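Colleague: Letter by letter, the chains look like this.
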Amino acid sequence: MTVTETAVTISVDGNDVSVPEGATILDACTAAGIDTPTICYGPTLTPVNACRVCVVELEGSRTLVPSCSRPAEEGMVVSTDSERVNHSRKMVLEFLGSGVDLSQADELNEWSAKYGAQPDRYDNPERMNEDVKIQDDLYVRDYDKCVLCYKCVSACGDDAQHTYAISMSGRGFGARIATEFDVTLPDSACVYCGNCVAVCPTNALQFKTEFDLREAENWRPEDQSVTTTICSYCGVGCNLELHTQDERIVKVTSPDDHSVTWGNLCIKGRFGWQYVHGDSDD
Amino acid sequence: MLWGSNARNAHPIFFHHLLKGIDNGAKMYAVDPRRTSSAKFADVWLGLNLGSDVALANGIGREIIAAGLANDDFIKHSSQGFEAYKENVEPYTLEFTSQLTGLPAENIRELAHDYAKAETAQILWTLGITEHHNAVDNVLALCSLALLTGHIGKWGSGLVPLRGQNNVQGGGDMGSLPNKLPGFQNIDDDASRGKFEKVYGVDLNPVPGKHLTLMFEAMERGEIKAAYVLGENPADSEADILHARKLLSGLDLLVVQDIFMTRTAEMADVVLPASVAWAESDGTVTSSERRVQRVRAAVPPPGEARHDVDIMFDLAARMGHDWGTPDPEQLWDELRSLSPMHLGMSWDRLEETGGLQWPCPALDHPGSPFLHGWLYADDLEGREPAPFIPVVHQGPKEELTEEFPLRLTTGRALDSYNTGVQSGGFSSPIRYGDALDMHHADAARLGLSDGDMAKVSSPRGSVEMRIRIDDSLVEGLTFTTFHFPDLVDANVLTSDAWDKKSGTAEFKAASIRVEPLVAAGA
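Chains as they are written, first to last, in our numbering: chain G, 1 to 282; chain Y, 1 to 522.
It is possible that part of the hints are untrue.
Said to hold, decoys possible - If the Cβ cut is set under 8 Å, some of the chain G residues that face chain Y in the computed set are: (1) 95; (2) 132; (3) 136; (4) 157; (5) 162; (6) 164; (7) 168; (8) 189; (9) 242.
Claimed, not checked - Partial chain G-side listing against chain Y, Cβ under 7 Å, derived: (10) 134; (11) 137; (12) 160; (13) 163; (14) 181; (15) 183; (16) 186; (17) 237; (18) 258; (19) 264.
No lab work stands behind these hints, which were simulated from the structure alone.
Predicted model, so just to flag it, every value in this text is computed and none were measured.
Cβ atoms here follow ideal geometry from the backbone N, Cα and C, with glycine treated the same way.
Let the sequences and hints guide you as you build the complete structure.
Modeller: Here you go:
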């Protein structure tokens with residue numbers, strides 16, 4: 001059962017970094033203590049190279065390369081802080097920010113600030129301007145906030161849930177995430193595991209509990225705490241992170257580095273906690 | 001081989017791991033009378049006649065032997081009783097097994113050959129195997145297949161019963177069994193019991209107690225007059241529920257300790273409100289893979305609700321025993337001092353590792369991802385070789401009759417759980433309630449359409465149910481969940497024929513009759 005790992009050494013910003021064979025340039029950057037912006041990358045998801053915000057300069061390569069998907073190879077020389085890299089990252093963040101509502105994408109906004117992105121310097125950018133889809137009591141979809149990173153599609157599909165309830169539809173400015181024939185979520189193949197919501201980087205997908213608290217201007221992350229415990233339903237032993245505010249559970253996630261769940265849950269684990277507060281559907 | 005399990009619904013995150021295996025090229029067989037949402041991911045679905053599991057397992061075993069695919073070295077070194085097993089399965093030819101199970105002989109042969117030839121193979125099961133009157137026979141028949149092929153005791157192979165509740169494994173581990181002390185030590189063994197008596201400072205009753213089914217029988221005979229029910233809702237969950245409720249209501253004293261005002265609690269003389277263990281208290285639970293993990297308090301309990309341990313300690317005090325006020329870690333350390341398989345699992349290690357799998361007998365032991373590695377040791381670590389135990393096909397206890405011509409089986413929906421006391425708390429967009437699912441041809445014969453109401457009767461009673469057409473069922477087979485006992489008392493129908501070896505009732509096989517109900521005004 002012992003896995004023998006071969007190490008690969010690459011140079012990142014002038015320093016040698018060793019990572020196991022199969023690791024990516026992003027892994028090497030992280031190992032070197034370098035913070036790399038990512039949007040479409042997820043530690044449990046297969047890279048789709050959709051956002052290009054994690055690009056780095058690779059010696060000998062004509063174009064910038066996405067660090068999240070490019071495997072580290074012995075002897076690679078990588079720059080993460082060059083003018084070309086910083087300019088490219090800034091442009092990606094600016095383009096996304098100009099056409100999408102990033103008001104709840106805290107991490108993206110931090111990157112935008114760091115790279116000096118100014119999304120508002122574009123006049124009349126194309127926007128979707130559609131209503132929030134509230135079709136059930138469990139989660140909402142606000143595609144004005146969607147950057148088309150594809151993570152929800154991956155989580156719903158091959159990377160975790162294998163339900164395939166959502167996919168990319170349309171082309172160009174019409175591109176969007178949709179259910180089959182754009183039916184409502186309850187009418188779709190969706191099984192309400194919420195694994196798409198868990199990976200969404202912009203809050204385009206959010207739990208109804210969070211949405212309602214935000215509407216009531218009472219969503220206060222600074223007053224929330226997170227407790228890890230075990231789901232009360234079947235015997236699989238899924239780790240639950242209970243996000244609580246004012247002594248009530250307001251959101252449930254799962255750690256993506258635990259070998260039981262890899263961040264995923266089912267409808268019972270994700271939403272079956274209301275009884276703790278004596279709430280009933282009856 | 002997923003056998004009698006709809007893990008896609010009942011163990012969804014485990015099923016993710018199985019799907020990863022399929023994506024990596026593993027072949028999957030699903031053995032189930034229903035073409036479940038799990039079976040739809042299988043390479044081959046074997047929709048056997050309900051209750052013919054032993055026949056199929058014996059047929060597979062016979063084919064493996066007849067085709068020369070048995071693992072002779074493993075059988076010789078690690079097992080005993082092979083000759084008797086071989087003799088017992090001899091009549092189960094592909095043809096005969098095909099007759100008993102209703103499966104094509106070619107599918108049985110293919111499964112036998114694939115299982116025997118696979119480098120690693122697992123048999124995974126749940127209640128489709130164990131909620132039968134011959135449940136233990138079913139399990140033994142599957143165990144024999146693992147012994148026949150050596151698919152046991154090594155990484156990637158094995159026998160995997162998937163547990164249905166977050167701490168049903170831990171409950172057993174902690175001695176919540178009639179004949180066991182914590183760590184599966186026998187209560188009638190003087191040395192084991194003596195160890196506990198010394199630490200507890202009292203004499204313990206050496207006579208094994210009764211399991212739930214025997215308790216109900218003892219209530220019927222008037223031998224049990226009082227019951228203290230903790231976190232269980234037998235007034236909804238037992239098979240032949242009308243009978244069970246009658247027995248519960250005939251008790252002199254019924255005490256219920258629960259987080260809900262369940263139907264059982266409503267019948268109780270005293271209700272002790274408990275806190276929600278996994279969200280309002282600290283402790284441990286043990287999952288299906290024997291992984292002990294920490295639960296932690298995230299919110300305070302409401303009102304007068306108290307931790308189960310506090311309630312029990314107060315009861316002990318009223319009975320004249322001062323158990324002190326130990327914290328959860330101190331209780332856990334006491335357990336570790338008495339149960340060798342838990343000894344290495346310190347509170348700190350459980351925190352650091354995110355959970356350890358027993359046996360974990362020492363602080364430097366990494367825990368055990370799989371069991372029975374001893375089968376490959378030269379000296380079997382001093383143990384007896386693993387026994388083949390021959391069993392024969394019986395079929396469901398309750399046979400179909402002219403009066404009750406349809407087969408009813410029960411199971412779980414994805415978004416609901418057991419009697420619904422927990423899962424009823426949230427609004428699920430995919431919930432449809434308890435319906436009687438049946439094949440369209442059966443419905444047509446009865447003049448029923450999807451959504452119609454019908455009277456459903458078994459030899460024990462009748463309920464009204466909505467009909468749902470589901471052609472993933474074969475003709476003659478019907479299915480229901482029992483998550484909504486307030487709406488449909490589905491366990492009025494189920495059979496209380498039970499396995500004398502396990503005490504489990506045959507929830508999976510009743511006989512029923514379905515009659516259309518004409519809606520008022522129609």
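Colleague: The structure should be examined with respect to each hint, and the outcome stated for every one.
Modeller: Evaluation of the provided hints:
no.: 1; hint: 95; in the structure: violated, 34 Å
no.: 2; hint: 132; in the structure: violated, 16 Å
no.: 3; hint: 136; in the structure: holds, 4 Å
no.: 4; hint: 157; in the structure: violated, 11 Å
no.: 5; hint: 162; in the structure: holds, 5 Å
no.: 6; hint: 164; in the structure: violated, 12 Å
no.: 7; hint: 168; in the structure: violated, 21 Å
no.: 8; hint: 189; in the structure: violated, 10 Å
no.: 9; hint: 242; in the structure: holds, 4 Å
no.: 10; hint: 134; in the structure: violated, 12 Å
no.: 11; hint: 137; in the structure: holds, 4 Å
no.: 12; hint: 160; in the structure: holds, 6 Å
no.: 13; hint: 163; in the structure: violated, 10 Å
no.: 14; hint: 181; in the structure: violated, 17 Å
no.: 15; hint: 183; in the structure: violated, 12 Å
no.: 16; hint: 186; in the structure: holds, 4 Å
no.: 17; hint: 237; in the structure: holds, 3 Å
no.: 18; hint: 258; in the structure: holds, 6 Å
no.: 19; hint: 264; in the structure: holds, 6 Å
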